[in-house]
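Q: Input sequences plus hints: build the corresponding full structure.
There are 2 protein chains.
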Amino acid sequence: MPTVAASALHIRSLDPFDFLERSAAVYRTKIALIDGDARRTYPELLERVKRLASALQTRGISSGERVAVLSPNVSAALEATYAVPLAGGVLCALNTRLSPGEIDYILDHCGASLLIYDIELEALVGRLQTRLPAIRAGAGGDYEAHLAGADPVALVRREIDEDDTISINYTSGTTGRPKGVMYTYRGVYLNALAEIFHANLRPESVYLWTLPMFHCNGWCFPWAVSAAGATHVCLRKVEATGILAAIENLGVTHFCAAPTVLVSLCNAPGIRPFPRPINVTTAGAPPAPTTIAQIETLGATIDHVYGLTETYGPITECAWQSPQWDGGGEPERARLKSRQGVPMMTLGARDVRVVDTQLRDVAADGQTPGEIVMRGNNVMKGYYRDPEATAAAFAGGYFHSGDVAVQHPDGYIEIVDRAKDVIISGGENISTVHVERVLIEHPAVLECAVVAVPDDRWGEVPKAFVTLKAGAVLTADELRAFARERIAAFKVPKHVEFGDLPKTSTGKVQKAVLREREWGTRTRRVN
Amino acid sequence: MPTVAASALHIRSLDPFDFLERSAAVYRTKIALIDGDARRTYPELLERVKRLASALQTRGISSGERVAVLSPNVSAALEATYAVPLAGGVLCALNTRLSPGEIDYILDHCGASLLIYDIELEALVGRLQTRLPAIRAGAGGDYEAHLAGADPVALVRREIDEDDTISINYTSGTTGRPKGVMYTYRGVYLNALAEIFHANLRPESVYLWTLPMFHCNGWCFPWAVSAAGATHVCLRKVEATGILAAIENLGVTHFCAAPTVLVSLCNAPGIRPFPRPINVTTAGAPPAPTTIAQIETLGATIDHVYGLTETYGPITECAWQSPQWDGGGEPERARLKSRQGVPMMTLGARDVRVVDTQLRDVAADGQTPGEIVMRGNNVMKGYYRDPEATAAAFAGGYFHSGDVAVQHPDGYIEIVDRAKDVIISGGENISTVHVERVLIEHPAVLECAVVAVPDDRWGEVPKAFVTLKAGAVLTADELRAFARERIAAFKVPKHVEFGDLPKTSTGKVQKAVLREREWGTRTRRVN
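Chains as they are written, first to last, in our numbering: chain A, 1 to 527; chain B, 1 to 527.
Keep in mind the hints are simulated off the structure, nothing from the lab.
A couple of the hints might just be wrong.
As the list claims (entries may be wrong) - Here chain A is said to cover these stretches of chain B; the calculated rule only asks that three of the stretch's residues, wherever they fall, bring their Cβ under 8 Å from a Cβ of chain A:
#1 17-28
#2 75-88
#3 198-204
#4 315-326
#5 339-346
#6 372-378
Unchecked claim - Computed beta-carbon distance windows for the label pairs:
#7 H408(A) x S63(B): 20 to 28 Å
#8 G111(B) x Q324(A): 44 to 52 Å
#9 V156(B) x H408(A): 27 to 35 Å
By construction, the Cβ of each residue, glycine as well, lies at the ideal position given by its N, Cα and C atoms.
A: This is the structure we're talking about:
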């Protein structure tokens, strides 16, 4: 196991703050950040970060104190991402769509000393039980006054150990209480370098903040974009109109988004081809080939990655194979890209595996399901204040994802389903992802989610929740007939319900919510 | 100072072998290497590396033994770069243009247990005093038999510490005996990631091996190219004909070369524009703006970097500033690019500085000279078996480059001269780099070197050694008249001599050789 000798002149702790400081030294007039009407150069951004860090130290943050951030993707959120660790604190970015009770739980669990929040979320904060010292960003808040009053020169920079915790990211807690995933300086630094390569971020890139920064620290893009010397474009609301306006007017070249965001973008009124090639990194749920094909038709190139909160966001990438994949048309291209792929560049070849319950590799036949497990620098340090959950998650020396996948003969991993989403109907396993992909091929379907519902005869059967495109008409029987032509009869949803789907803030469909509604007090099998 | 906790599941030692192993898992049919008629895929390259490593273990290499390699840029050299550390050994790649006495000195100093050499260098090896077990690569050698007879499964992989020494690279020893510069696994890994970004290596890139792999381990490109999943193109002889043929026929997109190689390329008979854009990384000596302009006119984009053996090759890059630099024509573009620039992406903003003798920053006025000093992960661990020289080199906590530079108001560093090359004439400092840049603007001049020669009146005066272009005619007086119009009289070379220039294997002009010839037994000042 590795050790790095202390006090050696040739070793510098991997610290992602260095990325910002270097870009401020190198790109002295470049726009680092666009937020509404504000344009800030790299030196200006650095200055604001140092002022915020100094203000945080004045408020008692200096060595490991947790600072919670509750904010949409605005300038203050990016500044806090750098300033909290720079002050010596640990960043806890909170999902803005959580309930007051959930936020109270997290604030209590992480033991936050201070809350930085956007004034837009005043009502939510007012409903919290927890009372914390706070800094309020946005019009009418005291954030700018704190910056103006701070002395950046008084800032005390602590020597860091690269294995120190830089941030704690709470899981969405679909199964039980949210858990606090600890990221390290080293992990963030290396993941950022990998993201730069895979997303092909360049100094001239313009990155649009569609992905919430509170989600896995924005997949480490706050650090990756600054390291590349590219431009951050903030986005207060993740809506098709705002995204398309930024693409049209601000030179956007890159963004990240969950597949559902892509679906809404492709189906936005008046959608037209992008004015320049755009690199779109997608993850959060397995994207349907149909979705990939639709967004690429607009002029995007999809980079499909996969990961979890516990893996700093992305840990695999569906690397494109040139020239052998170049010949196919868009449907074939989209099918190939819909797989979760291979370990990212800073991972070892065996750091992501598909295994059976004995941690043995499953056959790479594209058929045999197993669990995806991971290890290495792209995997969390552990769950904060939860050694039992940490030990359980790392059983056997690998982190257990809970995702069921097959490995294809070419080594590419493809997710079959979340372990808890798999439907077991009359002894047959049904991948809900597979059924959804068939349903979404129907031209009237905008999006859908398939979950297990109780059935007296089969134990479980699939039920489809379907959102239709605006103006489209479709009956349950028509959709079932469409599916019957394409998949085995036992996989065809026995029930179909039309309407909106419940989603998390990051656009993931909340199948647990749908299932709860269907199962009520009945007990489902435990995975 | 950093420490990394041992035996943690989320920490994996940074090991550049992982890059190759991952690419072999991801790119199973891609050509990793072209060497003459041979084409090898990534899995084939990995298999050969494992076989060589296993063969090395059979020969007793397992834990820290030094393995010397004496080879042009052929397949065996690349394979040894991976296989020696994989076996547990330390790689010592030797400059093939050294004299037998110099090689004997290095083999003795590093205590090599084994020599891998290319059969083309049989005569040189025959003239060595040192007798070592050897493996001979190339037609008629036993290298392929070793590979065929080895058992890759028997290979024992050692746990590495990322601060272990992966290679020792000997300095050219222009001032005294060569010193053994120790690179670490961590340093190589991080430098490779930085090179990927700065050279913009992509999976579809094709990298031509013009830069010798024995020079700073090829600036870490053996690892960077494999990490990107790009293709290595070997090149036995660094000659314009072979380089141009590879560019024409093999889809080359990238190469690295010292400015003198670029000069010979631009002046090669029948030179014509490249068939595709080529990214050329140059370093080794300050490139004249004229040279940059000439190669860019052919369709290359110059990435000017700067470093030393002690900094894994490049440590700064002349980062392009867009849009403010975009408007100028080629002369202005070349002038901007001829500066050594700013710290590379994995460096901290203050890891490369220009300082006075008290380690204080010199004024960033483009005028005040100081010494370039460096620190951090991109700086060597130390000189092998030479703690005194190591301590001296790191005096004050920074590595001392011996290069004199100014820092411009925009933060960019520009080398004035090597400390020992600076001419002090009648109390005035003369930058030989500056004088050379003026001389090379003359249309008849192919290349030139200016050195200090003794002068009874002024102490030292500049003397120019000049190589003319084929067929060009020029007298010393004409050249001096040309110079007098452009620089101060005291900087104009008092003496001019026409002829070829002595060069190192990496294309650096050996000014020390020229000076020695002029000074003979006379003592010059000591810097």
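Q: Would you mind marking each hint as holding or not holding in the structure?
A: Structure-based check of each hint:
{"no.": "1", "hint": "17-28", "result": "holds (count 9)"}
{"no.": "2", "hint": "75-88", "result": "violated (count 0)"}
{"no.": "3", "hint": "198-204", "result": "holds (count 4)"}
{"no.": "4", "hint": "315-326", "result": "holds (count 5)"}
{"no.": "5", "hint": "339-346", "result": "holds (count 4)"}
{"no.": "6", "hint": "372-378", "result": "holds (count 3)"}
{"no.": "7", "hint": "H408(A) x S63(B): 20 to 28 Å", "result": "39 Å, violated"}
{"no.": "8", "hint": "G111(B) x Q324(A): 44 to 52 Å", "result": "47 Å, holds"}
{"no.": "9", "hint": "V156(B) x H408(A): 27 to 35 Å", "result": "31 Å, holds"}
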